[in-house]
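Protein chains: 2
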Amino acid sequence: MIAKFFPFLTWARTYQRTTLSNDLIAALVVTIMLIPQGMAYAMLAGLPPQAGLYGAMLPLILYALIGSSPALAVGPVAVIALMTATAAGNVADIGAPGFHLAALWIALLSGGMMLALGLLRLGFLANFLSHPVISGFITAAGLLIAASQLRHLLGADIRGKTLPEVIPSFFNNIHDLSLPTVLLSAVVLGFLLWSRTGLAKLLARVGLSGPLAKLLGKTALLIAVVVSTSLVWLLGLDQHGVAIVGAIPQGLPPLSIPELDLSLIQLLMAPALMIAIVGYVESMSIAQTLAAKKRQSIDPDRELIALGLSNLGAGVTNAMPVTGGLSRSIVNFDAGAATPAAGAMTAMMIALAVVALTPLMYYLPSATLAAIIIVAVISLLDFRALPRTWGYSRADGAAMAATMAVTLLIGVEQGLMAGVGLSLMLFLYRTSRPHMAVVGQVPGTEHFRNVARHAVITDPTVFSIRVDESLYFPNARALEDRITQALHDLPDLRHVVLQCTAVNYIDASALESLEAVNDRLKAAQVSFHLSEVKGPVMDQLERSHLVEKLTGSVFLTQFDAMQQLAPEVTRACMESPRCDTKLSTT
Amino acid sequence: MIAKFFPFLTWARTYQRTTLSNDLIAALVVTIMLIPQGMAYAMLAGLPPQAGLYGAMLPLILYALIGSSPALAVGPVAVIALMTATAAGNVADIGAPGFHLAALWIALLSGGMMLALGLLRLGFLANFLSHPVISGFITAAGLLIAASQLRHLLGADIRGKTLPEVIPSFFNNIHDLSLPTVLLSAVVLGFLLWSRTGLAKLLARVGLSGPLAKLLGKTALLIAVVVSTSLVWLLGLDQHGVAIVGAIPQGLPPLSIPELDLSLIQLLMAPALMIAIVGYVESMSIAQTLAAKKRQSIDPDRELIALGLSNLGAGVTNAMPVTGGLSRSIVNFDAGAATPAAGAMTAMMIALAVVALTPLMYYLPSATLAAIIIVAVISLLDFRALPRTWGYSRADGAAMAATMAVTLLIGVEQGLMAGVGLSLMLFLYRTSRPHMAVVGQVPGTEHFRNVARHAVITDPTVFSIRVDESLYFPNARALEDRITQALHDLPDLRHVVLQCTAVNYIDASALESLEAVNDRLKAAQVSFHLSEVKGPVMDQLERSHLVEKLTGSVFLTQFDAMQQLAPEVTRACMESPRCDTKLSTT
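Which chain is which? The protein sequence lines are Z and H, in order. Going left to right, the first sequence walks through residues 3 to 588 as the numbering used here numbers them. Going left to right, the second sequence walks through residues 3 to 588 as the numbering used here numbers them.
The following block holds chain Z by itself, in its conformation from the complex (with noise of 0.2 Å):
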């Protein structure tokens, strides 16, 4: 029972030797790969880098205890950086306590909600975001987060959180750009770059491979830093224009709830609602990915408690919000993380780093971290996503383009809700025209098959209508008006049947709108029935007073109905030769 709630107990009681170094060399390679993103990401955020460095520690800590996956590496993502800069940017200006103090209450609200959803067992929730939308949406995303990087890049004060803010600052300010701070970031962009592929291909070259291959191959980012900061301390580039991190307090964070403000916290509750579904529907993508390579599952439930405590770890430790990361879990999973605990030990090695080696990025260029933030980025992008997706279906092409659009031209929360508005709408636009049959019966058989499609014989005083979906209050209505419909259109009309054959559930609305219908066939000397009623349904149906108040009957099949309605077609037509001719193919 304990156990069902701390899975590291399940895990922990068969920890190994070969386990313990397998979670040490995983835990190595993460912590190498995330002292220099967590401080580009908190650099992105808008936070002093050691936002990033905090949201490397107790929340690892936490998600190990509860979490789910042994491979997710959680910590601080691109993505949700780029939200926390624009939420808490809508309430502060960078820089100004207020700033960092909005950030703390988006992790804790988000972390909250992700809490609540997965107590309530709520997680179906993140299915609002369909796939298109959070495709498009981490583009655009992505495109935003490159420029505003510029700004670190070229040392020009380019500045802007949408394109249209973006792209006049750029041509306002690009001749003030600094030249050592453009060919520092050259130097590292282009390393890096390279080192994605090269790096792997050179150490084969001198005769590495394997493992420590393996490792070295991911030593790039830490090289591009050491190096660059060595470059800045040697040459003073400092004092020429280009932006250095700075002091870094040394020491672990204190524990501390962040000062109350209720005013602000109403403002942050939607961005932090959106920050909380993004972050879910990301890192459950990874995990599950990640577990199905060795055949492990993943809670749904349990994944948002856990990413929940860990923002909540986030806001009391003056860090930034968490999620899982795409490369880091991929990193880690590679390098063998067997158990959560390499999180753990992340964590541990990433305050041994903060104690320790804080005075040594003194010197670290911004330009080295927005280098770092543009190559993690590169991999966000996917241009080809909006063709593929339109091609396959006008519907999600368009939800997708119009996330991708309004997040680029307006912002990203903006982006997000016109997706998810979007795409409700045209699921709702489909399932409000549920796809119904006028049926008939196939000569010589006691079958009924839709007119528009077979060669069937009907009669001109009963209506027989099929639905092919259950019945709730998107597609009540149109049931409603077909039938309206049909009444006008047939004058000799004086039998209504509804075949229920897929009808699995009819809600409050489909029932009101079958009352209605009946008693609009009432008041025209028309009667309604129902045939083929699923059991579960009927039951239900009992509990109201349609079935009492039905001016037709309810019928075993829908030949009943056919037999009592119309006995001398129904018979004419059994007795006809049995042939059952497609008046079409699709």
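No wet-lab data here; the hints were simulated from the structure.
A pair counts as met if it fits within one copy or between any two copies, since identical chains are not told apart.
The calculated lysine-lysine pairs, modelled on DSSO-like cross-linking and capped at a C-alpha distance of 30 Å, are:
| id | residue 1 | residue 2 |
| --- | --- | --- |
| 1 | Lys295 | Lys203 |
| 2 | Lys524 | Lys203 |
| 3 | Lys551 | Lys524 |
| 4 | Lys524 | Lys295 |
| 5 | Lys524 | Lys296 |
| 6 | Lys551 | Lys295 |
| 7 | Lys296 | Lys551 |
| 8 | Lys524 | Lys536 |
We have chain Z already, so just place chain H on it with the hints.
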């Protein structure tokens, strides 16, 4: 073609003397109700009485030209008046010049939205409003309307938009009530309540029956107005604390576009959308009910256009927002209105009254108007709907209860949003859990049925699953989770077969999900197959990369799949005696 856009061209061509006299009588009866109701609903909306009368002029003429319902009586209605009061009250105080301006912009905005939704054929968006939500909302709004009239009925300064505001205000101000007002209210209210059944009985007793009696039965409102106005004038009650309507400008309203104020418009967008949707849904349900009685049909998108133009007309004539009203429409229908011309005639009669009769209304007491509102609102209250809906479906009952509680306690707009939000969430919850059945072969047959309900045979290396719904973003993850779970639960798993019998559509999210499932199964060395894919779905899938990337095959039938994937088990199963023992009868 032109006749399609202007339906009056169709009926005007065949217009006859009997149609004319029917329409005239109906128009007269509706006018008699509409003059007091219009002023009453204007008072409810916090507007001067003429706003209600103007709302019964140009809007009715516009509806007559475009609308498709012959009997629908458009004009001011109680719920829309309350919603207008709330929305305008959020931007200005009642009586301030900005208040009426806000009401005019609400009419223009909701009219413009209806028009746009109608032209874009987006009427299906009204489906967002499920029946339990609208029904709970109207009962709660009715209570708030009644509470808002306590002020006029008692002559005490009782104010507030929600119960938590009204109730303390009631106890704080009740001692200030005006005795003459209370007595007058009691008499008028008593008379109106009695007239609902008593007047017809009385007329029958004095020997009157048939159309004339019916007509006289509808004059109760007029009698109440005339008698109470005369009483106030004769007894000088306005000098003793009885509030009166006062001077109403004589003559027709000027045609003018209200002052443009972009920040005001921005604040009114959301309430205008809600007013548009509630007005449309209410009006459509009345129009369809009346149309069915004569086997006529209503075009939903045309109705949106007609109501939209009516509200635009209201906005440019100093009127209040309008929609189809239930009580007057029924009277109109019963009095024999044969064409929309009846509405236009009503408008003319109202115009005559505004030109000639307004001086006579100077001494009309507000208490009479309040009593008229109370009587109209009683028919809106349906307290039994909540237990009835709850008994039928917990989810629908919860949505209704939430709508009512939030409307009464927090506010009208919040209540509607809470209801729509909750019913969408509950819908998404249900859709996100599609019915999925693990299937096995029925011995001696080629049929495959649910393993949980039938005694069927399965092979431990093959996991066959049937989804009884189309695959799209709300449910894509459920299938993904179920297959990931199976991968974890079944150590011998080699093949997964997805039986697509009930899948009519696969959207881009579900496609990504299937690709993810394919990749994850591949990583675990399990192949992924599809069976019984419908023609149109297969056509769509071929536009994606899924089929070529699929690690398994696409089988025509589930039996073909099993014959190839588990030939021995399948053959043995075919040879075993035919039997289809149900494990359960549900």
